[in-house]
Structure formats: structure tokens, C-alpha cells
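Q: Sequence:
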Amino acid sequence: MAHPKRKISKTRRDKRRTHYKLSEKAIAICPTTDTPHLFHHAYVVEGDLFHKGKLAIKNYTTNAQ
Numbered sequence: 000m001a002h003p004k005r006k007i008s009k010t011r012r013d014k015r016r017t018h019y020k021l022s023e024k025a026i027a028i029c030p031t032t033d034t035p036h037l038f039h040h041a042y043v044v045e046g047d048l049f050h051k052g053k054l055a056i057k058n059y060t061t062n063a064q
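Mapping of the sequence shown onto numbering that gives the first Met the number 0: residues 0 to 64, in sequence order.
Everything labelled a hint here was simulated from the structure, so no lab data went into it.
Don't take every hint at face value.
[What the hints assert, rightly or not] Computed cross-link-like contacts, SDA-like style, restricted to lysine to any residue with a CA-CA straight-line distance of at most 25 Å:
no., residue 1, residue 2
1, K20, T32
2, K20, P35
3, K57, K20
4, K53, T32
5, K51, F38
6, K53, H36
Whenever a hint applies, use it, and build me the whole structure from the sequences.
A: As C-alpha cells, this is what we get:
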């Protein structure tokens, strides 16, 4: 099994980990409803389901059990 030859200091370890960052998600604004939503995702506005700016399902309800 491999073992480190020298102890890696906390500073060196933390320097290596500085590049693991989250990026902001891109948010689109629908041209028809003017509501913000995630790209490539359907979204509900006043009970109707929209996708790509078009009405997909009227009176949409989730089937949460």
C-alpha cells in the first residue's frame, strides 16, 4: 500500500482544495410569462406548466403522494 513519505501540512492541503467551488446556475427569463426559471426545465406559473415559453399542460398539478 502506498504511504506518504512526508506529512502534508494543513496549508498545502487547503491550497489544493481552493479550486473546488460551485458555480452559479444560469437562470433564464421566460419571454411570455416574464418568470425566472432554470434552462432546459419546465416551470409552473399560476397552475399552468410551461416549457420553452409555450404552455405544455393547462391546470397542472403534481401527483405527490
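Q: All hints are to be evaluated individually against the structure, with a verdict given for each.
A: Hints versus structure:
The straight-line distance between the Cα atoms of K20 and T32 is roughly 33 Å, outside the 25 Å bound, and the hint therefore fails. For the suggested pair K20 and P35, the alpha carbons sit about 24 Å apart, so the restraint of at most 25 Å is met. In summary, the hint linking K57 to K20 is not supported, as the alpha carbons are separated by about 39 Å, beyond the 25 Å threshold. As the CA atoms of K53 and T32 are separated by approximately 9 Å, the hinted pair is consistent with the 25 Å bound.
The hinted pair formed by K51 and F38 meets the criterion: a straight-line CA distance of about 9 Å does not exceed 25 Å. Distance restraint check for K53 and H36: the Cα-Cα separation of roughly 13 Å lies within the 25 Å cut-off, and the hinted pair is therefore satisfied.
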